Amino acid sequence: MKLIRIYISVSMILRMLIRRSIVLILFTIIPAVFFSIVALTTSNRILPFRLASLESEVFIEVSEKEISLLFFAVAVTGFLVSFLALNLIQKNNEANRRLIICGYHPLELLLSNLISLLFIIILIAVYIGLLSSAFFSFNHLFLLIFGLLLTGFVYGCYGLAVGSIIKGELEGILFIVLLVNIDAGWLQNPLFYAEAQNQELIRFLPAYSPSQTAIIAAFTDYSVINAGINSLLYGSCFLIVAMIIFFNKMKIQK
Amino acid sequence: MILRAENIVKSFGKKKILKGITFEMNEGALYGIVGENGSGKSTLLKIIIGELKANEGKVMMNGSFGYCPQKPLIFSQLTIKEHFKYFSAAYGLEKNNSQLNADYFLQYFNFEKHRNDKVEILSEGTKQKLNLSLALLHKPDLLILDEPYNGFDWDTYMRFWDLSDELLKKGCTILIVTHLQTEKKRFNFIFNLKDGYLT
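Protein sequences appear in the order of chains A and B.
The numbering of the first sequence is our numbering, which starts it at 1 and goes up by one.
The numbering of the second sequence is our numbering, which starts it at 1001 and goes up by one.
What the hints contain is simulated information worked out from the structure, not anything from laboratory work.
The structure presented is a predicted model; accordingly, all values stated were derived computationally and were not measured.
Backbone N, C-alpha and C define an ideal beta-carbon position, used for all residues, glycine too.
Hints may be right or wrong, so weigh each one.
Said to hold, decoys possible - Pairs of lysine to aspartate or glutamate, EDC-like flavour, derived with a Cα cap of 20 Å:
hint : chain 1 : residue 1 : chain 2 : residue 2
1    : A       : K2        : B       : E1094
2    : B       : K1053     : A       : E94
3    : A       : K251      : B       : E1056
4    : B       : K1085     : A       : E94
5    : B       : K1118     : A       : E94
6    : B       : K1169     : B       : E1027
7    : A       : K167      : B       : E1051
8    : A       : K91       : B       : E1051
What the hints assert, rightly or not - Restraint ranges, calculated between C-beta atoms of paired labels, are given here:
hint : chain 1 : residue 1 : chain 2 : residue 2 : range
9    : A       : I22       : B       : E1024     : 45 to 51 Å
10   : B       : I1121     : A       : E171      : 25 to 31 Å
11   : B       : E1166     : A       : L178      : 55 to 61 Å
12   : A       : E169      : B       : Y1197     : 35 to 41 Å
Unchecked claim - Covered stretches of chain B, going by a simulated chain A footprint (3 or more residues, C-beta under 8 Å):
hint : stretch
13   : 1074-1081
14   : 1090-1098
Whenever a hint applies, use it, and build me the whole structure from the sequences.
In structure tokens form, the structure reads like this:
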């Protein structure tokens, strides 16, 4: 394992990502356009709901617009990061394999991809966090960004796992869009969750802990530690699956 | 002996592609593998370089090798210069050596003017020049080339053979998968892959 190889690989991976115009379009246009649509179409009626992840019965009151914007921030972070993670792992598979034949160790390439993903997660979480502050007011910006980072981590690892298992790009995107839309965009939103049947099932979906972190950070002063740890554990499961599959796919006979 | 393959057997599902391939290669010689489409030539190369695992048999190799795949396996969003840097890191080349070798092949194959161009805008022939140059970059002892001159113009094609002669004189061994029966006289040894066997 050589650091210089990892450094060169990370710089090449990031260059390739930045040079893809679809990445820049997704990154800049989608969040701004969708935030605007949500802001223009949701009402300001106040909704009382209980925070599901806190042990004590904590009820908060937030407007429909604010809660919708917050969950859109979570969903768009999840979508963008998992799409880019899918790209990282799926694109250039054969050329990456050639690099391994030429001397790169699969772990060096895997680490390079993970470092690049971390960079992407930080960039997107900070951007969406700052953009959110332009659309609605909340209590803790840094903790909200932390919640978005965790969303990025969980969904980034999900994207890596999907990309490792599924070969086709279109199929991979479908898996991502479906889950992000149903999970982060819909089921975790208190507008649905408060009256949902089988709430236990919803708690096992990927966006549960990160969205709870974001909502606690945005609208309360309670601790986000438990939700944060659960997010890290959840994301790590996807990460392990992705790493095992990637490593097995990439290793060559020496 | 630079390479020895012993009793290589490879199946995909129930279809047996290679049924027990044994051959040996020595330093400073040009070897060819010919055979019909789908006869298993590329599969055999992939087993030799370690990309595929044989069901049976083993490959022994002395020294470094360079591999040029049939289809250019390169990164469409990177420039030619960045490819040389990326692959130099893979080979573990010093910066100076890497620069010298890259400059040499850029000039030799006459694609220096594209040094800073992204691969996605290059012609197929220029992509193939890069594909081949990446296999040669670290001056390997054994070159394994899968139809390396696809898309070359006549001048580059002739330059390729001149370079091969030069490398052979220096003791490099070259193994080429080819369709071109007209080039048979250039080879020291030719293996014909037919029905899973080498003749």
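Which of the numbered hints are not met once you compare them with the structure shown? The structure breaks none of the hints.
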